[in-house]
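These protein sequence lines are chains A and B, in that order. Going by this note's numbering, the letters in the first sequence line up with residues 1 to 644, in that order. Going by this note's numbering, the letters in the second sequence line up with residues 645 to 893, in that order.
Don't read these hints as lab results, they were simulated from the structure. The beta carbon of each residue, even a glycine, is placed where N, CA and C say it ideally should be. Any given hint might turn out to be false.
As the list claims (entries may be wrong) - To be clear about the criterion: a stretch of chain B counts as covered by chain A if any three or more of its residues have a C-beta under 8 Å from a C-beta of chain A, and this derived list gives those stretches:
#1 733-740
#2 774-785
#3 830-837
#4 881-890
Claimed, not checked - List of simulated lysine to aspartate or glutamate pairs, DMTMM-like, C-alpha gap at most 25 Å:
#5 389/A to 738/B
#6 691/B to 137/A
#7 503/A to 669/B
#8 790/B to 378/A
#9 304/A to 215/A
#10 510/A to 669/B
#11 510/A to 852/B
#12 122/A to 837/B
#13 637/A to 607/A
#14 498/A to 690/B
#15 503/A to 555/A
#16 514/A to 198/A
#17 673/B to 372/A
#18 514/A to 620/A
#19 389/A to 417/A
#20 389/A to 782/B
#21 691/B to 561/A
#22 541/A to 477/A
#23 514/A to 674/B
#24 490/A to 531/A
#25 541/A to 686/B
#26 182/A to 477/A
#27 673/B to 506/A
#28 490/A to 198/A
#29 616/A to 198/A
#30 503/A to 620/A
#31 541/A to 674/B
#32 316/A to 290/A
#33 548/A to 686/B
#34 514/A to 686/B
#35 562/A to 686/B
#36 514/A to 690/B
#37 790/B to 372/A
#38 548/A to 690/B
#39 616/A to 110/A
#40 655/B to 215/A
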Amino acid sequence: MILDSKIPAGPLAEKWTKHKFSSKLVNPANKRKYDVIVVGTGLAGASAAASLAELGYNVKAFCFQDSPRRAHSIAAQGGINAAKNYQNDGDSIYRLFYDTIKGGDYRAREANVYRLAEVSVKIIDQCVAQGVPFAREYGGLLANRSFGGAQVSRTFYARGQTGQQLLLGAYSALSRQVANGKVKLFPRTEMMDVVVIDGQAKGIVTRNLITGAVETHAAHAVLLCTGGYGNVFFLSTNAMGSNVTAAWRAHKRGAFFANPCFTQIHPTCIPVSGDHQSKLTLMSESLRNDGRVWVPATVEIAEKLRKGQIKANDIKEDDRDYFLERKYPSFGNLVPRDVASRNAKYVCDEGRGVNETGEAVFLDFRDAIKRDTRKIIEQKYGNLFDMYKQITGEDPYENPMMIYPAVHYTMGGLWVDYNLMTTVPGLYALGEANFSEHGANRLGASALMQGLADGYFVIPYTVGDYLAQLAPTKVDENHPEFARAKEEVKQGIERLLKINGSKPVDYFHKRLGKIMWDKCGMARTEIGLKEAKADIQALKKEFWSNVKVMGTNEELNQTLEKANRVADFLELGELMVDDALNRNESCGGHFREEYQTPDGEALRDDENFAYVAAWKYLGEGQDEELVKEELVFENVKLTQRSYK
Amino acid sequence: MKLTLKIWRQKNAADKGGFATYTADQVSKDMSFLEMLDVLNDQLTEKGEDPVHFDHDCREGICGMCSLYINGKPHGPQQTTTCQLHMRSFSDGETITIEPWRAKAFPVVKDLVVNRSAFDRIIQAGGYVSVNTGGVPDANEIPIPKTIADLAMDAAQCIGCGACVAACKNASAMLFTSAKVSQLALLPQGQVERKTRAEKMVAQMDAEGFGACTNTGACEAECPKGISITNIARMNREYFSAVVSSENV
């Protein structure tokens, strides 16, 4: 099978405009005859649901949380990029495009990334119009900051809660459409399967999390805006409920899964404190603008520190190794996430880690406070410092923060074409759930941009083009495929409840997470990955014979919800390992130890691996089939990334 | 640490419910409160008992999903969300009482889980600026004084957890509602619908069965995000000026 990315012909800067013009339109009076299902209410889902309802489509929006406002986009801290060039510092759509392609280590599509940069400017306008209180200068205009690896100030922010404010903006637009009757909301409802009829997505199967009722919903198109799969690692910065189930079930119904091994490890998270740890907390990387990353220069000093014989502030300037500034003089502490994470791992592997577990480095604000005063630092990062103190019991104004990398974002996801459609016609994937814009590594402040770009400005055009080709007649929910899919979901639930083994769900999830982190995490090897595959297969077997799920289906049952999700993570984990094994190169978030430069940097193999690895599901227990989409670069020259 | 936990158990909305007592040993000071409950739940599961149900998601204090009325205070002894509460706030041998939010407008779903969809309906009544996607002016077209933008942001930080309602003896939702009314009343973008918004959101708040405000300030004292009751004063002004000069409703 050949994957058709449907990238429009013509010069890069004109593709989207031309494509919008050549897209078919649905007559305004006919829009009310089409139903669209949106699963997930984060930035992508809420913005898509609101925008499509505004156009006149009938939208059903689903989320597993108790309110759409709680989707995990809410936790994004740092900011959102846009090529506004308000700062007159040389930014442009082309530069944002170029930075994103380069930052993604040349594993993303040029056309998609250019479109993202192009619509980025409209996102800021839209959010301001909704009443999103972005940070402002004294003159009343919007403030910007430089963020995670960018050399221009193009990041808009709302204190350390940008995701919250953008999501509440999208949620308010969504709420307005609920009030208008154009969106019907289904909170505490989890998608369990996609219904595919004659090769087209025509609806979904859901489980009401309060009553356990398994139900079907029909529509002309289904949009999956269900986020990433970082929780396959058990410990990640994702919310506890974030899961791959919707995307995975769609995958099993025919949607290809692309680049699953591309996961982003975020460098600035609060280190693990013990076995009870349930999640990891991110400290926004905006902190790297003012904080300096360091470890003791020698193992001996680090040991004294770990034993509590000395404190960080006792260590003299000469005995500190500001390793990012030393190795990357021009980017310093602002190198991209993968580079910062890997270097933290290296210094800890050398034995220079700074907390009891030896897996932490310092992020120090001493010099920034001296330079700018404590008051300025408080204004910029007050809430982050408070959060750090709340969690660790340490005061970061007095002692340097301790940080360590943690899984944060997944660049891989459902394969989509330029229209954001998966390989199943009528089934779309938006935001983190798709694979398309970030290549092998996502730059800071780009996730919010992509989620809102997809929802506000891309899908309203592309889904219209698809719907215009369908007859404006109701989808028949009495079609036997609906009943069949519903029955399969019910059987799957029964199967889990019947096992009645002896171990709780988290026991398996934690073990899966450890396999993934140790062998398919920050650094990967062929041997390790082969072990991981066998380990996961064995764990999966054990899960299906020994997991204990309490209670029944017909009630609020959080253990059953979790068991369903972990069952899918076990299958996804194996595919991630297969993908990492197949990709015999290092790029972005995927670092294979066999493939590195003499300096220890990621060594790409553009000749053999400049492609998207899309995986086709072939059936229970079978290895998946690899389908390649070759990446064509017409505008940028592929270079070795260098942040020296 | 060893703790005694008195936890509210209620099978479903129709069940009467009651307290059950559990012992949690091997509690570490570095655990979050919810991690302590995770450990308890794994132990209950292994014993074949139904785990305690509670709402939670982001576990970083921003989604507003976690709740819990701990020792008579929403989100427990610290002014933070329950997920950010750590066991170092408790001492060895202590008895901790854990209840769901108690308010007529937040019916219990199961154990410690309540239904807060009333908050969504208050926002649906008018907590937005009526602009469609596209066709809006450039973001820098209307300058907004930094002081005003900052005040709007202070109000906008509300996470919709419902602690204000749980803290209030009247179960009033004034702090929640006023935070959104204030945010949009302060910003130029919110001016057009300023009056209708205040009227409609207050009407919905009353219709949901939340109580009246008697200015005790308990909501502000317990709000994990430090939302100020000056927002309530602002909403009262907005509301009164709207009803005396109403162009709508």
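Results for each hint:
1. 733-740: violated (count 0)
2. 774-785: This one holds; 10 residues, not fewer than the three required, reach chain A with a Cβ under 8 Å.
3. 830-837: holds (count 3)
4. 881-890: violated (count 0)
5. 389/A to 738/B: At roughly 24 Å apart (the allowed maximum being 25 Å), residue 738/B and residue 389/A satisfy the hint.
6. 691/B to 137/A: Violated, at roughly 59 Å.
7. 503/A to 669/B: 20 Å, holds
8. 790/B to 378/A: Holds, because 17 Å separates the two Cα atoms, which is no more than 25 Å.
9. 304/A to 215/A: 60 Å, violated
10. 510/A to 669/B: 21 Å, holds
11. 510/A to 852/B: It is violated: about 42 Å lies between the C-alpha atoms, which goes past 25 Å.
12. 122/A to 837/B: 23 Å, holds
13. 637/A to 607/A: 13 Å, holds
14. 498/A to 690/B: It holds: about 16 Å lies between the C-alpha atoms, which stays within 25 Å.
15. 503/A to 555/A: Holds, at roughly 21 Å.
16. 514/A to 198/A: 41 Å, violated
17. 673/B to 372/A: 35 Å, violated
18. 514/A to 620/A: 24 Å, holds
19. 389/A to 417/A: 44 Å, violated
20. 389/A to 782/B: Violated, at about 39 Å.
21. 691/B to 561/A: Holds, at about 20 Å.
22. 541/A to 477/A: 36 Å, violated
23. 514/A to 674/B: Holds, at about 21 Å.
24. 490/A to 531/A: Violated, because 34 Å separates the two Cα atoms, which is more than 25 Å.
25. 541/A to 686/B: With a Cα-Cα distance of about 21 Å, the restraint between residue 541/A and residue 686/B holds, given a limit of 25 Å.
26. 182/A to 477/A: 20 Å, holds
27. 673/B to 506/A: Satisfied, since the Cα-Cα distance of roughly 21 Å is no more than 25 Å.
28. 490/A to 198/A: 23 Å, holds
29. 616/A to 198/A: At roughly 18 Å apart (the allowed maximum being 25 Å), residue 198/A and residue 616/A satisfy the hint.
30. 503/A to 620/A: Status holds; Cα separation ~24 Å.
31. 541/A to 674/B: 34 Å, violated
32. 316/A to 290/A: 20 Å, holds
33. 548/A to 686/B: OK: residue 548/A and residue 686/B at ~10 Å, within 25 Å.
34. 514/A to 686/B: At roughly 19 Å apart (the allowed maximum being 25 Å), residue 686/B and residue 514/A satisfy the hint.
35. 562/A to 686/B: Given that 25 Å is the threshold and the Cα spacing comes to 13 Å, the pair holds.
36. 514/A to 690/B: 22 Å, holds
37. 790/B to 372/A: 20 Å, holds
38. 548/A to 690/B: 8 Å, holds
39. 616/A to 110/A: Holds - the C-alpha atoms of residue 110/A and residue 616/A are around 24 Å apart, at most 25 Å.
40. 655/B to 215/A: 23 Å, holds
Comparing the model with each numbered hint stated earlier shows that hints 1, 4, 6, 9, 11, 16, 17, 19, 20, 22, 24 and 31 do not hold.
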